[in-house]
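Visitor: Chains A and B, in that order, give the protein sequences.
Its first residue numbered 51, the first sequence is counted upward by one per residue in the working numbering.
Its first residue numbered 27, the second sequence is counted upward by one per residue in the working numbering.
FYI, nobody ran anything at the bench for these hints, they're computed from the structure.
Predicted, not measured: the structure shown is a model, and the values here were computed from it.
A hint or two may mislead.
[What the hints assert, rightly or not] 25 Å max Cα-Cα, derived PhoX-like pairs, lysine-lysine:
| no. | chain 1 | residue 1 | chain 2 | residue 2 |
| --- | --- | --- | --- | --- |
| 1 | A | Lys243 | B | Lys197 |
| 2 | B | Lys138 | B | Lys111 |
| 3 | B | Lys138 | A | Lys119 |
| 4 | B | Lys153 | B | Lys168 |
| 5 | A | Lys171 | A | Lys119 |
| 6 | B | Lys197 | A | Lys102 |
[What the hints assert, rightly or not] To give an idea of the chain A side of the interface with chain B (calculated C-beta under 7 Å), a few residues:
| no. | residue |
| --- | --- |
| 7 | Val75 |
| 8 | Gly220 |
| 9 | Pro227 |
[Said to hold, decoys possible] Distance ranges between label pairs, derived from CB positions:
| no. | chain 1 | residue 1 | chain 2 | residue 2 | range |
| --- | --- | --- | --- | --- | --- |
| 10 | A | Phe107 | B | Ala236 | 39 to 45 Å |
| 11 | B | Cys59 | A | Lys55 | 32 to 38 Å |
| 12 | A | Asp234 | B | Val174 | 32 to 38 Å |
| 13 | B | Asp110 | A | Gln237 | 23 to 29 Å |
| 14 | B | Ser136 | A | Asp234 | 29 to 35 Å |
| 15 | A | Lys102 | B | Thr234 | 36 to 42 Å |
| 16 | B | Gly118 | A | Asp234 | 20 to 26 Å |
| 17 | B | Lys149 | A | Asn242 | 26 to 32 Å |
| 18 | A | Asp174 | B | Gly118 | 31 to 37 Å |
Built from N, CA and C at the ideal position, the CB exists for glycine as well.
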Amino acid sequence: MPKIKLPTKSPHIDMTPMVDLFSVVLTFLMLTTTMRQPEPATVDTPFSISEKPTPDFNTMTLLLSKDDKVFINFDNGPDTLLKYRPKILTEMGKRYNIEFTEAELREFEKMPSSIGVPITKMKDFLDAKDNKVKTALQVGVPIDSTDNQLAMWVLFARQVNPNLQACIKGDSKTAFPIVQKVLDIMQDKNVNKFNLITSLEAAKINLDEIQK
Amino acid sequence: MAEIIQEEKGKGKHKGKKHPPHIDMTPMVDLMCLLITFFMLTTAFSKSKVMEINLPERITKDKPVDPPRIQKSRTLNIILGPNDKIYWYPGGVSPEDYNNLPPVTEVDYSPKGIRQLLLERNKTLAKRIADFKQQVLEGKIKIPQDSVLKAIAQLKKVDDTGPIVLIKAYKKANYGNFVDILDEMNICGIARCPFVPIAWYEEKMVETAAGIAPSAAPAKN
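Construct the entire structure; sequences and hints are all you get.
Guide: Right, dumping it as C-alpha cells:
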C-alpha cells in the first residue's frame, strides 16, 4: 500500500468567524455598558431577597457612608434631558444667597457621582479642576439641626421634580443613629416611602421544619 | 525601487492567478480580547435592587391622629441591639411595669434565630402564602405573573392571625441590621411590621440584657 502523505505545513486557522463573534460581543458590551460611577465613598450594600430593580430616573439617592457622611445624588449620575440638576442648584443658591455661573451649573449637571459638599464650598468644588481638590471637598452634606442643608436639598429637589422617589444606599456598617436622623429629616419633608438599595440574595424557608 | 517592481513582475508571471491577500488577524483578535475583558469588568451587569419601605406618617400637632390600637397578645417587639443581636419580648409594657420590666430574649439574624421565631408565630399566613406560590408554580391557579405580588399582598391584608411585629432599633445597631430585619419580614411574610421609635424603657431592657452601662438617665417619659 502506498503511504498516505500528510501535509507537512502548519495548519492555518481561519480566524474570521472568531473575529466576527468578538465584534458582536464587543459591540453589545459597548452599547449596554453603564459605567460604574465612581462614588465619593465606597459602600457595601446589605443583602435582601427583593427583586425590584433600582429605578433609572426620578430618583434622589442618599448615600450613607460608613463614617457617617451623607451624600446626595439625583437621577443616578449625569442628568437626564429634563435638566433637574441645575434648577435644584439654582434654588439652593437662592436660599443661601450664592449665585452660580452658567459654567458652574453645567459642571453640576455633568457630575457623575454623588455630591457631599456643603453649599458654602460648592463654588470652590465646581470650579476646581483637580480631582484631588474635589475629593478633599467631599465632606458630606451637613445635617445638623442648626445647618440642615440636606433638608433643603430634599425640599428643593422635590419642588423641582415632584415625582422624585427617595432611595437610600447605605453601608451595612453605617451606624443606626445617622440612618434614623436621615429618615427623620425626610419624614419632616413628608417623604414616607423609601427604596433601600440592596444586593440580591436568595433565601429559602422550610415550612415543614416549623410544623414540627 | 525599480528593482522591486521588476521582481514582482517576475513573480506574477509564475503565479498566473491572483491570490486574495491573506491578512494576519492575530493582533486584531488580541486587541478585541483586551477590549472585551475591559468592558466585561467595568460593566455593572447586576443592577442593584431596591427594597421598598413605607414609614408611618408623622403625627404632627396640626393633625392629631390617634395611634392605632393593637392587640397586646399579637404584638411582638423586636429590638435591634448592638453586636448583631436581636432582643425581643412579647406584648407591651404598661406604665405600672416600669420598675419591673419584662425580660428580653436574645436571638441572632441566622435562619435558626429570628426566622424560626417569626415563622412559628406566622405559621398560618406563611403557609397560605407558600401554598399559593406552589399552586401558581404548578399551574393550578392561572394568574398573570405581574399580579402574583398583588395577590400575596391581598392575602397579607386579610390575615388576622399573624403577629404584629414592632421593629425598634437601639442606637448601637447598624444599617445592615435594619435591612436584614426588614428582609426577614419579607421572607417570613409578616403582614404588619411597622418601624417605630424605641422607648426609653426598652433601651434600658436592652442595656440590662446586653450588659451595657446605661447611657443616660431616662428622660421624663
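Visitor: Now, for every hint given, state plainly whether the structure supports it.
Guide: These are the hints, each one checked on the structure:
no. : hint                            : result
1   : A/Lys243 x B/Lys197             : holds, 22 Å
2   : B/Lys138 x B/Lys111             : holds, 13 Å
3   : B/Lys138 x A/Lys119             : violated, 34 Å
4   : B/Lys153 x B/Lys168             : holds, 19 Å
5   : A/Lys171 x A/Lys119             : holds, 16 Å
6   : B/Lys197 x A/Lys102             : violated, 29 Å
7   : Val75                           : holds, 6 Å
8   : Gly220                          : holds, 4 Å
9   : Pro227                          : holds, 5 Å
10  : A/Phe107 x B/Ala236: 39 to 45 Å : holds, 44 Å
11  : B/Cys59 x A/Lys55: 32 to 38 Å   : holds, 36 Å
12  : A/Asp234 x B/Val174: 32 to 38 Å : holds, 35 Å
13  : B/Asp110 x A/Gln237: 23 to 29 Å : holds, 26 Å
14  : B/Ser136 x A/Asp234: 29 to 35 Å : holds, 31 Å
15  : A/Lys102 x B/Thr234: 36 to 42 Å : holds, 39 Å
16  : B/Gly118 x A/Asp234: 20 to 26 Å : holds, 24 Å
17  : B/Lys149 x A/Asn242: 26 to 32 Å : holds, 31 Å
18  : A/Asp174 x B/Gly118: 31 to 37 Å : violated, 53 Å
Consistency with the previously given hints fails for numbers 3, 6, 18, ordered from lowest to highest.
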